[in-house]
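Engineer: These protein sequence lines are chains A and B, in that order.
Here the first sequence stands for residues 13 to 517, where the numbers follow my numbering.
Here the second sequence stands for residues 13 to 517, where the numbers follow my numbering.
Don't take every hint at face value.
Think about it this way: if two alpha-carbon atoms lie no more than 20 Å apart in a straight line, the pair counts; the simulated SDA-like pairs of lysine to any residue are [what the hints assert, rightly or not]:
1) Lys70/A x Ala47/A
2) Lys168/B x Val165/A
3) Lys168/B x Thr164/A
4) Lys70/B x Ala375/A
5) Lys168/A x Val165/B
6) Lys418/A x Ala498/A
Stretch-level coverage of chain A by chain B, calculated; a stretch enters the list once three of its residues show a Cβ under 8 Å from a Cβ in chain B [stated by the list, open to error]:
7) 195 to 201
8) 226 to 234
9) 245 to 253
10) 388 to 395
11) 415 to 423
These are calculated hints, taken from the structure and not from any lab test.
Quick reminder that beta carbons are idealized off the backbone N, C-alpha and C, glycines included.
2 protein chains.
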Amino acid sequence: MAGGRPFALRSELPRDTVRRMAFRTDTASIEGPGAAYERLARSIARRIESGELEPGSKLPSVRSLAAWNAVNPSTVVAAYRVLEREGLVEPRAGSGMYVAPEPGAATADEEFGARPGSSPGRAGPTGTDLDAPEATPVDFATASPSPERFPTVAFKDLLAEVLDRDGGYAFDYQESAGWPPLREAVADWLAETQGFRPDPRDVIIVSGAQQGVDLCARALLAPGDRALVEDPAYRGGAAAFHSRGAAVEALELDPEGLDPDALARVAERRPFRLVSCIPRFQNPTTLSWNAERKRALLEFAAARDVFVLEDDHVSDLAYEDAPGPSLKALDRDDRVVYVKSFSKILMPGLRLAALVAPPRLRAALARAKRDADVGTGGLAQRALELYLRRGLDRVHLASLRSEYGKLYRAALDALAELAGSGVRVAPPGGGLSLWVELPPGAPASALAARAKASGVLVSPERSFRRPSPTAPDRHLRLSFAAVDGAALERGLRILATLLPARRSP
Amino acid sequence: MAGGRPFALRSELPRDTVRRMAFRTDTASIEGPGAAYERLARSIARRIESGELEPGSKLPSVRSLAAWNAVNPSTVVAAYRVLEREGLVEPRAGSGMYVAPEPGAATADEEFGARPGSSPGRAGPTGTDLDAPEATPVDFATASPSPERFPTVAFKDLLAEVLDRDGGYAFDYQESAGWPPLREAVADWLAETQGFRPDPRDVIIVSGAQQGVDLCARALLAPGDRALVEDPAYRGGAAAFHSRGAAVEALELDPEGLDPDALARVAERRPFRLVSCIPRFQNPTTLSWNAERKRALLEFAAARDVFVLEDDHVSDLAYEDAPGPSLKALDRDDRVVYVKSFSKILMPGLRLAALVAPPRLRAALARAKRDADVGTGGLAQRALELYLRRGLDRVHLASLRSEYGKLYRAALDALAELAGSGVRVAPPGGGLSLWVELPPGAPASALAARAKASGVLVSPERSFRRPSPTAPDRHLRLSFAAVDGAALERGLRILATLLPARRSP
């Protein structure tokens, strides 16, 4: 069908083909269990999530969808309402219902896409890019260190050392849960850096933090289960939960963390199984939870039989006050699945993160890893083990802290000068980003678009919210991970010119 | 709960705790959609698949489970019947219902576990192992080349070359679908070696074939969908489908492939969405489908709106007749998701495989990859690109074919001498294993256990069947991937002594 034409061209296909492709297997789904509107919503949600119905595409009218499926129009209305609440579809005034624009994807592209300064070709940045820095956009959107800051040389030597030592065994299958010596090294490293030492058997080596989140979803969530995420948040977590058929509820984050009363209210409405959060230097708000909120979440989890997924991506990068202990260090009831990314503090391309499982979930998480990809490659694991054992990470982190600390202070100073324009920023004390509040009348998405046209990339608040025309649009996430001092200054100067005119004092 | 004690000790916990742990969240699940027995079955299946209910553990009696859940005993009986049909539980005469022993895991351990000759420690094989070969078991169970056969030296040089060329960019995020130059190199390589050249945009680089299978499950299967697998088969595929909440049907493989009439009969009973198969040198039967069966499957798929997952692990290793074209090369209707593993023909620890998507599934599969782990690491992808572009794989494959061809013929010759004992083997023409039929009265699982005690590891047929006391038990899979000529001879000599006494001529 469509003779090998790319999917994106579907809207050019005859109307009847579109209908058949989009809804042809509905029959089976619609015959499944549950109320008719739920079955219909599930069937449409599945097609949205598989990409079969494209982001931004128009959905059939209530009348025609009702006719195709031989249901009452009110069933379709109810189904669309469910999908709208899930953020999967959105109404457009006067023109019907649309699939929401790329759920979760805008952010993934910003976080993980090709860097503006890098060539998509085979050899990294081209000479042109390096020779003409003025032509390169200032990239405040990428929240990951630039490749020049990676410990590449150290790893090159370690890879060679591992291959000289282990030969082909470094390229053989590894245990699904990870190479045992690395699991031990990580346990020791967590004891030194995070204040808790897990049983190495509870440490599972995963291919990056996103896989840690996804395995947690596989082990804990069944279709129809509910998961709760912070709002705003990086939307990759919600995407993993959605892909399990789980319902995802987003709870507004306040400056201290998630409000225990709000949590309780959500749980009253319907129990949920998992709360996902970043309690230190949250992405994108940069907030760190206070001690009371951390305690309250753990008590809530124990009382309600809920698990907590703690994503720790940059707690190591504190320039002022440390952000306090991790939830895992406080976890007395084995409620917390802790995921430590090595992407920000070392290099994302290692594709290595460590997951610390509550003992009772160890077997289920290891099985999820095996079913997902058998196991993570051994070579990088062996090199990381040497890297941690020799304390090379401490040298590297000290240098990152010093370098980023300067950028952090420079950015705060420059933003302080914009206070007269109504720009506000709460110093997070660490991390790789600032969460900049704009003055009223300066919508962040519009400003981000104008900034892009002026060669400055920033992430507007809506990249981290469920797609909705009424989502808050007040903040920009401004990351200094991938810039140097000169670019920082230049980019902030450009941003300042785009703000509404200064109010007279 | 259980204060951090390992999960395996649960049977030592007080009875009431066991019940609470195993069934405490049932309430929510049981309140879901569907008939009561289906909901109960789903709820138990989920706990089995998450590992919460352990393989081999006893399930509650019908009476007590009915009482706990306030349902009629006949509901529990019906739920247990569903689970039995799925191979998740099994009755034991006179003692009730049990969770089936490790679904899919016995084989995964054999295929991917630590090799008997390798140390679990940090430096590969220990001196002791190398110095005392007579003490090392003969490993006919591992179907993957031994590390001594890996192109380690070539890759060590390529990794260094990539890092000199690309620096930190080799450690940066890559596109989710893979590094574009590798996708192009794979497309060219497939044109040369497999007779079809996909659009490079349809090539997705995945972290090993299991991830390819899993992404296919994510993109295509929703809870309640049906998938069909070959029987017998490596059970990792079924595990990935089960993890999506799909129902998995296993269809007996005959010497020509899957029988189209049997396929049609299964589809009559209830439509399915995906057929997973290895049409060339199947694992474990070593069978290759004939041309007519390949055509019939593709026609069936087009007529019934079914997708085909083609797993190609060793088609490159032919010693006699080539096994014919891949299904993908014959796929006119964009029905085939083709997964090419580089684990057997290069090295499993690279964790690289190439998936070729039908154009209409490209977006859904790339999205599944992004949700699963953002993307595969760039360093190995860049090294593989150079490896393929320079034709180093052809040199390596020629050497593997020569070496394995000798082992293949030696194994067939030695087994021919056992024909008098009733041992039969059909020469597959290639691959890394033989599928050995034993004489009646010599159950394969018992022979495998005796062989293990005598220092010879083989995989009995039941490792590749749904756990069931009535599963066929007539064959051994005997892999020569990880042995040398001397070990092969020694191992077969030992196996011969374990066969029932020769019938007199």
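Engineer: Between the alpha carbons of Lys418/A and Ala498/A, is the straight-line distance 20 Å or under?
Structural biologist: Cα-Cα ~12 Å, so holds.
Engineer: So is the segment 388 to 395 of chain A in contact with chain B by the C-beta rule, three or more residues under 8 Å, or is the coverage claim wrong?
Structural biologist: The restraint on the segment 388 to 395 of chain A holds, since 6 of its residues have a Cβ under 8 Å from chain B and three suffice.
Engineer: Would you mind confirming whether the straight-line C-alpha gap from Lys168/B to Val165/A stays at or under 20 Å?
Structural biologist: Status holds; Cα separation ~15 Å.
Engineer: Take the segment 245 to 253 of chain A, compare each residue's beta carbon with every beta carbon of chain B, and decide whether three or more fall closer than 8 Å.
Structural biologist: Our answer is that it holds, as 3 residues pass the Cβ test (under 8 Å) against chain B, meeting three.
Engineer: Would you mind confirming whether the straight-line C-alpha gap from Lys168/B to Thr164/A stays at or under 20 Å?
Structural biologist: holds (16 Å)
Engineer: Check whether the Cα positions of Lys70/A and Ala47/A lie no farther apart than 20 Å.
Structural biologist: Status violated; Cα separation ~25 Å.
Engineer: Count the residues of the segment 195 to 201 of chain A whose Cβ falls closer than 8 Å to any Cβ of chain B, and tell me whether that reaches three.
Structural biologist: Three-residue rule not met by the segment 195 to 201 of chain A, so violated; n is 0.
Engineer: Examine the segment 415 to 423 of chain A for residues whose CB is less than 8 Å from any CB of chain B, and state whether their number is three or more.
Structural biologist: With 0 residues in contact (Cβ-Cβ under 8 Å with chain B), the coverage given for the segment 415 to 423 of chain A is violated.
Engineer: Do three or more residues of the segment 226 to 234 of chain A come closer than 8 Å to chain B, measuring C-beta to C-beta?
Structural biologist: holds (count 5)
Engineer: Assess, step by step, whether the Cα of Lys168/A is no farther than 20 Å from the Cα of Val165/B, and give holds or violated.
Structural biologist: With Cα atoms ~15 Å apart, Lys168/A and Val165/B stay inside 20 Å; holds.
Engineer: Taking 20 Å as the top limit, are the C-alpha atoms of Lys70/B and Ala375/A close enough?
Structural biologist: Holds. Lys70/B to Ala375/A sits at ~18 Å (cutoff 20 Å).
Checked against the numbered hints given earlier, this structure breaks hints 1, 7 and 11; the rest are met.
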